[in-house]
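Chemist: Starting from the known structure of chain A, fit chain B onto it as the hints suggest.
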Amino acid sequence: MSVNIQDQLQEYVEELAKQDSIDPSVNLFETGLLTSVHVLDLIAFIEERFGIVISPDDLSIDNFGSIDAMATFVEKAMQPA
Amino acid sequence: MVPVHELLRRTATDSPDKEAVVCGDSRVSYGTVDEAATALAAFLASRGIGRGDRVGIFATKSVEEIVAIYGILRAGAAFVHINPQYRDVHLRHVIADCGIKTVFLDGSRARIFAGACGEAGFSGPIISLSDELALDGKTFSDVTHLTSIVGTTPRQQFRPTDVGPDDLAAIIYTSGSTGMPKGIMVTHRIFHDATVASAEVLHNVPADRIISVTPFSFDGALSQLFTATLVGGTLVQQRSSFPKDIVDTLLKERISGFHAVPSLWGVLLQERSPFPQYRYPHLRYVSIIGEVLPAKHLARLRGLLASTQFYLMYGTTEAFRSTYLPPADLDRKPGSAGIPFPGVSLKVVDDAGNQCPPGETGTIVHSGAFVSPGYWNDPERTKATFVNGWLHTGDQGRIDEEGYLYYAGRRDGLIKAQGFRVSPEEVETCIHQLDAVAEAVVIGVPAQEIGTAVKAIVVLQVGANATANDVINHCRRGLPHYMVPSIVEFRPALPKTNGHKINRAALV
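Protein chains in written order, with our numbering: chain A, 1 to 81; chain B, 1001 to 1508.
Hint data in this document are derived by calculation from the structure and do not stem from the laboratory. Source: prediction; values computed, not measured. Don't take every hint at face value.
[Unchecked claim] Pairwise CB distance ranges (calculated):
hint, chain 1, residue 1, chain 2, residue 2, range
1, B, D1350, A, Q19, 45 to 51 angstroms
2, A, S21, B, D1131, 22 to 28 angstroms
3, A, I52, B, P1357, 56 to 62 angstroms
Note that beta-carbon positions come from the ideal geometry of N, C-alpha and C, so glycine has one too.
So that you can see chain B by itself, here it is in the shape it has in the complex:
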């Protein structure tokens, strides 16, 4: 097992001048990224940060956040890339939950961070990824700039901290079906194994130029970064998700690899997008994961990108990657998420834990490669989810006679909207803050372009008034955008089960 920050060193040694990362007008080589990461690691070590420590990154797409990831790993610590859409409550939760004492912050997130953590008394070091940080007058005593660290820290004597395969490399926070986001632990071994397996399946080569649209708070984005590093390809950081800007990058940067959630494809295929007007001869492959891509979108994409290979994948953050559909099977196995990645065992089990016969739907369970050691700071949930080495995904699916998986949705009401996990309970809690609301339930419903829409069904207090806009506007103030319901329906009552619980199944 070679840790991913060592893969960076190898590539930088073999091809120091090769373009590693592009972001807007910035272009940096592997040699530059490697040296900056070492300087940063030396700085962190000088501050006593090392093995076992969790270091936060709250930033949008940049070259610098990649230096931060590799620098933290090289210091032996674990990085926690915080979803850039998080606001007050979620941001404070992540920082408190895993005890982040040092955070990398860029200018675009400074105000949000200051607002959420200024009064909460964040006293640890802040490392600025930008030239300026507008901290809104809030006092943070210990702010250092990455550029000055890279410029002044002696790195010749620095020896990277030895890390073992089972040491913590990152914590990835995702929403569950209940409560606040939970932290999934990722080890060095998982990053290494998933990187090697992904590169093998996608046939990545040094000539690859991979566009990165998704934030590094998601495992798919990290997989692309590390895969690019492994093979010595180029990662192109895409800041704007406007269709025209993505199209420009695809053409100008001659992108060869594009990994995206189905909702992004929905945006690129909608009537306002220039995407269908152009040809992309350099686009060697497209990989799709996160939720099911509507068949009509896949058919249209294949028509537009005739020379591009399509890889449909299935996975959960708890086990990084489970299956992929080889492009050759696309027509033979329509709707399938494919076969297990090398090293992965997959089966479908019934409620008693017995393996279902082929074709029968049950819970998807995963063992072998890529399985997380569990949830940070939550042994109970870990015990319930990781049983004898098998991750119980909570996803429903069936496996056919030839071993191909078909995904059949969530079991526990968790919604996957725009590629994000949305906890219905979190949205319901937010809606309940409105005085006019007596009951609220949130479900996922099929939607034209985005795949799944978040829908709220609301019962008002007797005599109270509220409009759909009141509900939506209230949610916008407190929740990340992908959790905000796009549809609100008012009903006089909600169907209940015998236990007086809301009967979600009867609502869909």
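Pulled out of the complex, with its shape left as it was, chain A reads as follows:
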């Protein structure tokens, strides 16, 4: 399951950034691969694809800065409370 989440995020982010083989640990925003205007697209994708609701207080670079961080966040959000 977790591999699947990571792969789907990888594919989407590469599509968004128009770049292949992005290092999943790299900070997408500090390296300029993505910018803050991509954030709303990212959120819409994650909510729709994984069926989770992202609260405003989770909208930080710690959760969305890299593909690895997003995968960790999504996995945690998908676990039954």
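Modeler: Chain B alone, transformed into the frame defined by chain A:
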């Protein structure tokens, strides 16, 4: 006139232990910034870099980029902070246009720089602002680390280069309505005068803690930095522009001053943002410049920030700051950008250059304080824009009987989106690279949260196919993000004027 790097020295002498800059977990004092800037200036001087030289900075928010700015100035050279969103073409253009031979680079921009300039043969010194630079195997022969410069350069004997008020301090690149970004020259006098005037208008004090979200490639960000230095306040560098992260910084760092373009306020007020959920008792003032803040956003912000003063401003990089609306006039003069800054003369003229009567719309012109000596390396454009000491802004506006300015948009098709200047021609050129495209025109249209959106209207070649996504994706590869159209409309033809030029006015 005291150059801004001397203002740093004064503040560092008066209060060496005062917190000067915060970035994430880093906190540095005025004494530390001042000493590091001197070491850097001594190093640059030892490399023969001084008065008249242009030194590049390609970096994201950090403490180190501030040391770089002050170190370059103290060496007598001019800094060129390159928009961190620039990619290949724009980056190479700036470096070649103003002849940058030395560049400060941080880790986050190393790969982009190596890709753009590796093959182009950049051979000058690179000074790394980070511990590591991933230059993708490209060979740059001369790389020095800022930490080692600061640690090892003797600075006792260094005497700052004397600079005059009219010496070049910086070149700021912005997009024009045509062609590639152009360099606006800024002198030491302009930085000094604008810093003093801004601090006066905003009533800045040593207790101020100012958040800096915008890159230093924009004059507004530089104004905040220098104002903080002048009064001995603290500048808090904000790396992430995620709403939650900005909110955290506002609260944790007890931010008292916040300067932002309207689109950033749009992001902070959108439904996903936690901004409205919190209170900000420390936020003394907010200043807004760059484009018009939609009235509904201003009303909502004022409701949320009941004890905060709002300063709406108008200005162009060619003249730094033109007007501000005193907070007391906010309700009396809704929609106004206010009155001229101290030392500035402002008027509105018709096409013949005659002053318009109050209430009539014309071109906004500015003289007096803060006027740039012109565009770098472009005497023709300088002559056309700076006429007898008056800067012709290209912006439309009107001035009422009491002297209050009302901004009425651009004259030449230049779009201001998310606070950035977007040249329609540059975007159109990019779209035209697609084989399927016969004609393309790019305009600005009003948009809900971001103020102005970039819209492309495209006519396809007969029999060709392309989707809106094809156009957008193509633009994303070659243009900074704020230039990428968010709306693409396909039409069978475009309206033309008699001269067969595309009639932009008929498109809006």
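Chemist: Each hint: holds or not?
Modeler: Results for each hint:
1. Judged by the Cβ atoms, the range 45 to 51 angstroms given for D1350 of chain B and Q19 of chain A holds: they are separated by roughly 50 angstroms.
2. For the hinted restraint 22 to 28 angstroms between S21 of chain A and D1131 of chain B, the CB-CB distance of approximately 24 angstroms keeps it satisfied.
3. Distance hint check for I52 of chain A and P1357 of chain B: the Cβ-Cβ separation is about 60 angstroms, which falls inside the suggested range of 56 to 62 angstroms.
In summary, this structure violates none of the numbered hints.
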